[in-house]
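Q: Chain residues, written in single-letter form:
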Amino acid sequence: MGSGSGKHLDQRLRELAADVAPADEETRIAARAVLTEEIEVDKSGTRPRSRRRPGRRLLVAILALVVGSGGLAVAYEVEWIFRSDTDPPVYSLDPLDPEAAEQIQGAIEGGEKYPATDGDVSYCRKQQAQQRVDASCALTLEALEAGELDPVPGPISTVHLIPCGQEPGRGEVPSCGGPITEREIEEALSR
Amino acid sequence: MGVVSTLSDSDLISESLSRPDAFGEIFDRHFDAISAYLRRRLPMSRADEAASEVFLIAFRRRQDFELARESARPWLFGIATNLIRSSRRDELRRLRAYAKSPVESEPDHSEETIERADASQARPALAEALVQLRREERDVLLLLSWGELTYPEIADALDLPIGTVRSRLARGREQIQELIADSGQQLGRDDQGVESGG
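Here the protein sequences come in this chain order: A and R. Counting in our numbering, the first sequence runs from 691 upward without gaps. Counting in our numbering, the second sequence runs from 1277 upward without gaps.
Hints were generated in silico from the structure; no laboratory data involved. Yeah, the Cβ is synthetic: ideal placement off N, Cα and C, and Gly gets one too. It is possible that part of the hints are untrue.
To be verified - One-sided excerpt, in silico: chain R residues whose CB lies under 7 Å from chain A:
no.	residue
1	SER1311
2	GLU1325
3	ALA1327
Claimed, not checked - A few chain A residues facing chain R, derived, Cβ under 10 Å:
no.	residue
4	ASP700
5	ALA707
6	VAL710
7	VAL724
8	THR726
9	GLU728
10	ASP732
11	ALA819
12	ALA828
13	ASP840
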């Protein structure tokens, strides 16, 4: 270690973060389970679905805001049309939550090609950890890894990009292109 | 959790190439340290995800681990640091949250109490100084104080010569002192002058 003043600063830095709580056992177990799942995948020799960008066609993205003190999803009629086959992608934003809309709109106006909130990124990373990355999150994650995405603050929002029946096995999304229903959001969250 | 083996990290990772389950013990040994570090540098929810990602990435890249290294600790902190870099906005939000921590008022005037009060008053300035630092210096400083890595471990984690680690530490400390001085605060009584970290 260097000088006394260096030690003094390090001590102050440690104090700054001294109150940060360690992860609880539940968090630890969950993280261990994710690793165990990956180990099992490795042992079985089957690779997880590619996280590379899927064939790019028109995607209709529906922005759903998830709010609620108890964590219960409450959907607003929010529609976010997203065309990824143009460069830059075309967005149409018509949310009922002005604060979140401003955040996203600001990101778009700032040149963000793939605007997303922290909540969106969190949602996509969860998919990534579960090795079930859908087409929309593949875009988000790829943009993130490429440094092309700087998520805007938005702890209460999540974006669901629901392909219009284009994904095999996924089936038609009835409201594709229109306001998403609460039931559809719950289904998306449970996937 | 099973019986803890006496194998080194390197031995476990080597074994995991043919027996993937062996990697689980790497998680058991290092999760708490990695998680604690990430929780200091990122908002809680993101930190927990990142901690999980560190071990996923490490497992997937375990064949790249240099088996000559005894401990996986610096390697894992290096992966964690890369994840923090990809979450710049999250990181800055976390640091600014420290600045908003309440400043405690102290009732008596003993020397120790006065210094504690000074330190407490300086918290916002210290947090803001961390925000202002270049990422290169911030990473080195925080791997030392929050990650509790040694200089050689930091060099290993960031794949830097140890001399670069020392110079970044010295530069980072100096900049923090200047930024705090500019804010009209001080860290305590003995924060005058900054020497090179080595």
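Q: How about VAL710 (chain A): closest beta carbon in chain R under 10 Å, or not?
A: 5 Å, holds
Q: When the nearest CB of chain R is found for ALA828 (chain A), is that gap smaller than 10 Å?
A: Interface hint status for ALA828 (chain A): violated (16 Å vs cutoff 10 Å).
Q: Does ASP732 (chain A) meet its interface restraint, that is, does its C-beta lie within less than 10 Å of any C-beta in chain R?
A: 5 Å, holds
Q: Are ALA819 (chain A) and chain R close enough, Cβ to Cβ, to be under 10 Å, as the hint says?
A: 6 Å, holds
Q: Closer than 7 Å between Cβ atoms is the bar; does GLU1325 (chain R) clear it against chain A? Give me holds or violated.
A: 5 Å, holds
Q: Does the CB of ASP840 (chain A) sit less than 10 Å away from some CB of chain R?
A: 6 Å, holds
Q: Should the hint that SER1311 (chain R) touches chain A count as held when the rule is a Cβ pair under 7 Å?
A: 4 Å, holds
Q: Does THR726 (chain A) pass the interface hint, meaning its C-beta sits closer than 10 Å to a C-beta of chain R?
A: Nearest chain R Cβ about 7 Å off; hint holds.
Q: Take the shortest C-beta to C-beta distance between ASP700 (chain A) and chain R; is it under 10 Å?
A: 4 Å, holds
Q: Regarding the hint that VAL724 (chain A) lies at the interface with chain R, is the smallest CB-CB distance below 10 Å?
A: 5 Å, holds
Q: Grab the minimum C-beta distance from ALA707 (chain A) to chain R and call the hint holds if it beats 10 Å, violated otherwise.
A: 4 Å, holds
Q: At a threshold of 10 Å, is the proposed contact between GLU728 (chain A) and chain R supported by beta-carbon distances?
A: Holds, about 5 Å.
In this structure, the one hint that does not hold is number 12.
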